[in-house]
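Student: Chain B: place on chain A using the hints.
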Amino acid sequence: MSSERKPDPTPGMSLIVKTVTRWLKGFLLLYGIFIVFYGHLTPGGGFAGGVILACCFVLLTLAEGQRTAMKTLSKNAASELDSLGLLLFLALGFVGLLEGAAFLKNFIPTPVAAWFNLVSGGFMPLANIAIGLKVGASLFVIFSVLAALKATEKKEDEVPK
Amino acid sequence: MLDYFLITLLVLMITSAVIALETRNLLASVISMGAVGLLLSIAFILLGAPDIAITQIVVETLFLIILIRATVYRDPYHMPSRSQLLGGIAGLVAILLFAVFGILMFAEFPALGHSVLDRVADAPSVTYVAQGLSLTGAGNLVTAVLLDFRAYDTLGEATIMFCAIIGALVILRRKARKSVKEKDEESDVI
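For the protein sequence lines, the chains are A and B, in the order given. When we follow numbering that gives the first Met the number 0, the leftmost residue of the first sequence carries the number 0, and every step to the right adds one. When we follow numbering that gives the first Met the number 0, the leftmost residue of the second sequence carries the number 0, and every step to the right adds one.
With the rest of the complex left out, here is chain B:
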């Protein structure tokens, strides 16, 4: 079951990536890249890596906003003004969803002053705290988890950051190149 779902996600991801490469519209390309990131974060959740999924979706959202601002910075797309009623209903639904999920989240919290670790006796975190120093020899347990126990996570985060920055560099460089060509010289710093 999981395999089929993952294969579907993979196919969707590849399709989005191909669309991002092939489309002539820069905005559509950026949004397709965002779709790839979103599907990738869903895949991370299914594979049992929630912290990478959170990093992925946060970085993806941030860079999507930056890229859209960078590519369509003159706002050529005017949204037709819909009726106020629809926007109000959408806002209400959003607030309602936010409230429901917030209440659910606070109900799940342990009491103030108790750690989450108390709830799950054999969680890996218990091992990290108890034997982190003897297993890794690092005084800072956070770094021990980041670079030893969960080094794959760190590698994934660094890779996500690297890819996001390469993408931003490519999109922003074309604009700078064009204006440099128009002006011939004077701005060799860029």
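The shape of chain A in the complex, shown without the other chains:
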């Protein structure tokens, strides 16, 4: 996190790291989204893509400091995205139930003509998006909470001096 000497006006790491992060974060996000969206065609999926998405925000936090990262995606917003992902997955499951089939039934038809296209595999791309949202947001929440805990611990240690 920030240096211990003085609360400098620009928290985070050096200019080099910040510049590289500024260039990389878009590509990282895009790569994570690609992994999530193409999970049913190429290796990857919601879990792996979600971790990449979370890593993008972790990199942002490490490079720019927590205050800037929280402006991009606050902890509460990430927590809500986490819940939203799980609810989305549950809703997809219940749609199968409402169609008259079983819970979590693949309710979208999978015609042979659509094989190996982006829109194929029935509800799998949607479920991957839900899982990616859930995993990415929750990992970022855990990281930011533990980082905040570390920061408060440091402050508590400094107070008696």
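Some clues are possibly wrong.
To be verified - Short derived list, chain A residues pointing at chain B, Cβ under 8 Å:
| no. | residue |
| --- | --- |
| 1 | 38 |
| 2 | 39 |
| 3 | 41 |
| 4 | 42 |
| 5 | 50 |
| 6 | 75 |
| 7 | 81 |
| 8 | 93 |
| 9 | 96 |
| 10 | 99 |
| 11 | 109 |
| 12 | 120 |
| 13 | 137 |
| 14 | 141 |
| 15 | 148 |
Since the hints were made in silico from the structure, they are not lab data. Bear in mind the structure is a predicted one, so any value in this text is a computation, not a measurement. In this text, a Cβ means the ideal position worked out from N, Cα and C, and glycines have one as well.
Tutor: The following block gives chain B in isolation, referenced to the frame of chain A:
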């Protein structure tokens, strides 16, 4: 027989959960939560879901360690120093157990280059490989298994992760709240 065992597990789980809620000691509460997770993983094994049981026990262990580090981070509990002999014997027993189970596991492995599927002719995995594409329309068979054939597993894993993170959030938030109250302002980011 299985039913009685499951009911016993359930009763133990509920008892542990109630203890975790009611006890005043934070460490005891965290350990009781760990007991719930352990019993739950045993229940998963008995119900024939070994992969969820593995996920459950791994996540449970990891989050138990994180939670204990987070709650008792100043190490107030000093273990009385026992004799070196006892620790040595315990270490030896652990190494012996590890070796026995490792040898047993390697004896069970199929030969290098042969898949486990060869051994069981009518395993569901054979169906997944043979008809996965025509049944689900997904090019990636791993995702087809994760989100179609075994979607319940994925739901269970996501739920375990959600519960673990909610628990960690609750325990860590109280600490952050307290220090925010002490300092009034300045740290509105947290």
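Student: Would the stated hint for residue 137 (chain A) survive a check requiring a Cβ distance to chain B of less than 8 Å?
Tutor: 5 Å, holds
Student: Can residue 39 (chain A) be said to touch chain B, with a Cβ gap under 8 Å?
Tutor: Given a least distance of 4 Å, the restraint on residue 39 (chain A) holds.
Student: Return the status of the interface hint for residue 93 (chain A): holds when the least beta-carbon distance to chain B is below 8 Å, violated otherwise.
Tutor: 11 Å, violated
Student: Holds or violated: the hint that residue 50 (chain A) contacts chain B, with Cβ atoms closer than 8 Å.
Tutor: 12 Å, violated
Student: Using the nearest Cβ pair, does residue 109 (chain A) come within less than 8 Å of chain B?
Tutor: Given a least distance of 3 Å, the restraint on residue 109 (chain A) holds.
Student: Using 8 Å as the Cβ threshold, decide whether residue 96 (chain A) counts as touching chain B.
Tutor: 12 Å, violated
Student: Hint validation: residue 42 (chain A) versus chain B, beta carbon distance must be below 8 Å. Holds or violated?
Tutor: With Cβ-Cβ at 7 Å, under 8 Å, it holds.
Student: Does the interface hint hold: is residue 99 (chain A) within less than 8 Å of chain B, judged Cβ to Cβ?
Tutor: 17 Å, violated
Student: With a cut-off of 8 Å on the beta carbons, see whether residue 41 (chain A) makes it to chain B.
Tutor: Holds, because the Cβ-Cβ distance from residue 41 (chain A) to chain B comes to roughly 6 Å (cut-off 8 Å).
Student: Let me know if the C-beta of residue 75 (chain A) comes in closer than 8 Å to any C-beta of chain B, holds or violated.
Tutor: This hint is violated: residue 75 (chain A) lies away from chain B, its Cβ roughly 11 Å from the closest one there, beyond 8 Å.
Student: Quick one, is the residue 81 (chain A) hint okay against chain B at 8 Å, beta carbons?
Tutor: At about 7 Å, which falls below the 8 Å cut-off, the nearest Cβ of chain B leaves the hint on residue 81 (chain A) intact, so it holds.
Student: If you take the shortest Cβ to Cβ gap from residue 141 (chain A) to chain B, is it below 8 Å?
Tutor: Hint holds; residue 141 (chain A) Cβ to chain B Cβ min 6 Å, cut 8 Å.
Taken one by one, the earlier hints fail for this structure at numbers 5, 6, 8, 9 and 10, listed in ascending order.
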